[in-house]
Amino acid sequence: MKRKWEYAQAVFEADRYHDVMLKYSTWAGHRRFAYDLIVHDEPEMIVELGSFYGCSSFAFMQAVKDHGLETQMYAIDLWEAGDRYTLHDYEQDIYGFFQKVMTEQFAGIRAQMLKMSFDQANTQFENGCIDILHIDGSHAYEDVKHDFELWLPKMKQNGMILFHDISKQMLYGKPIGSSVFWNELKQQFCHTVQMEHSWGLGILFLSEEKYENFMKNVDLEYYRNLYLYDAEDCKDMVRKNYFALEDAKKWIDGLTRDKQKAEEDSARLMHETGELKVAYERTITEKDAYIQDLKQDLKKWEQENVKIRQDYEQTIQDKEAYILQLGQTIEECKQENIKIRRDYEQTIQGKETYIKELEQKIRP
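Numbering follows the numbering used here, in which position 122 of the sequence shown is assigned residue number 122; successive positions increment by one, without gaps.
Since the hints were made in silico from the structure, they are not lab data.
Treat the hints with care, since some could be wrong.
Label-pair distances were calculated between CB atoms; the ranges are [what the hints assert, rightly or not]:
(1) TYR344 to LEU324: 28 to 36 Å
(2) HIS67 to ILE252: 39 to 47 Å
(3) ASP19 to ASP253: 36 to 44 Å
(4) LEU269 to PRO175: 34 to 42 Å
(5) GLN310 to LEU269: 29 to 37 Å
(6) GLU286 to GLN314: 23 to 31 Å
(7) ARG16 to GLU42: 23 to 31 Å
(8) ILE252 to LYS277: 55 to 63 Å
(9) TYR172 to VAL193: 34 to 42 Å
(10) GLN99 to ASP253: 18 to 26 Å
(11) GLU196 to PRO153: 28 to 36 Å
Straight line, CA to CA, 25 Å or less: simulated BS3-like cross-link-like pairs of lysine-lysine [claimed, not checked]:
(12) LYS351 to LYS339
(13) LYS145 to LYS174
(14) LYS168 to LYS156
(15) LYS168 to LYS145
The structure presented is a predicted model; accordingly, all values stated were derived computationally and were not measured.
Don't be surprised by glycine CBs; every beta carbon is placed ideally from N, CA and C.
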């Protein structure tokens, strides 16, 4: 650790990649302080819980790079929305952006990205190994408290813990959970410092000696005045306008894609409609021809039906005549049969009379 605190005129090289999200970030008001802190403290290990676009991360890394420090830096984040405050911030490839800046700008220092939850990362660190811990993940009270209690054993005895978003500013009409927890911590720990600007940065010193050295050598108003000079309201407005423009751009891009898709669908439908029209006309022609064939078959069938009906009626007439003739024949047979029966009876009677006459003649 250096004895004298220096106020550097740092140049943050990562800004060339995205000056709006870095230079005008809600954390940007603390970058110069963070840079000077790292240069002065020369920590062996920095762990950051929540890195987002990298405003704080790249400030730490810039100090390490510029002064050739052997500091081991860990940026831990899921790089995805974790609460309602960051719900719309991760619609871009923030992880890819962070990785690109790390690879191209800070490849020469000992810095790593750990894409995992804070709880998962915690198991990879030994107790008492961290010099500076920066807690800037979820801003919900329970989450900030959990992160602090989980990672406190990993701190060195003379370590420092930084808390962002500890100001009194309201968010969605309520105090920020991280601010509420910070106020509780101040009642438990004696050696704390806070800066109200840029959504507030709280510093918890675990060492009284380091705290006293800090308070003796550091002019916090210097950093506050730097931030005010950069116009806080303008920064917030630029950031809000940037997101508004990004939303508009995404909306326009979405409409453009929808228009292109609609045009493609329209062309496809026109083509399909043309094919359907040709198929429809071909079907109509085929059906007309089939109907003509059916009409001819129907006419032929009707003609055949007339002939069949005529043949049927002629057959009926012939049968009726035949039946009438049979009736006459039967009647003639009946008369003939009556005549034969009469003749038979007369013959029988004649024979019986003749037999009686013979019997009388024979009897004595």
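Evaluated hints:
1. TYR344 to LEU324: 28 to 36 Å: 30 Å, holds
2. HIS67 to ILE252: 39 to 47 Å: 44 Å, holds
3. ASP19 to ASP253: 36 to 44 Å: 22 Å, violated
4. LEU269 to PRO175: 34 to 42 Å: 56 Å, violated
5. GLN310 to LEU269: 29 to 37 Å: 59 Å, violated
6. GLU286 to GLN314: 23 to 31 Å: Given about 42 Å between the Cβ atoms, the range is violated.
7. ARG16 to GLU42: 23 to 31 Å: For GLU42 against ARG16, whose Cβ atoms are near 27 Å apart, the range 23 to 31 Å holds.
8. ILE252 to LYS277: 55 to 63 Å: 36 Å, violated
9. TYR172 to VAL193: 34 to 42 Å: For TYR172 and VAL193 the Cβ distance comes to about 28 Å; the hint is violated.
10. GLN99 to ASP253: 18 to 26 Å: Since the Cβ atoms of GLN99 and ASP253 sit about 23 Å apart, the hinted range of 18 to 26 Å holds.
11. GLU196 to PRO153: 28 to 36 Å: Given about 30 Å between the Cβ atoms, the range holds.
12. LYS351 to LYS339: 18 Å, holds
13. LYS145 to LYS174: With a Cα-Cα distance of about 18 Å, the restraint between LYS145 and LYS174 holds, given a limit of 25 Å.
14. LYS168 to LYS156: 29 Å, violated
15. LYS168 to LYS145: 18 Å, holds
Violated hints, listed in ascending order, are 3, 4, 5, 6, 8, 9 and 14; each of the other numbered hints is respected by the structure.
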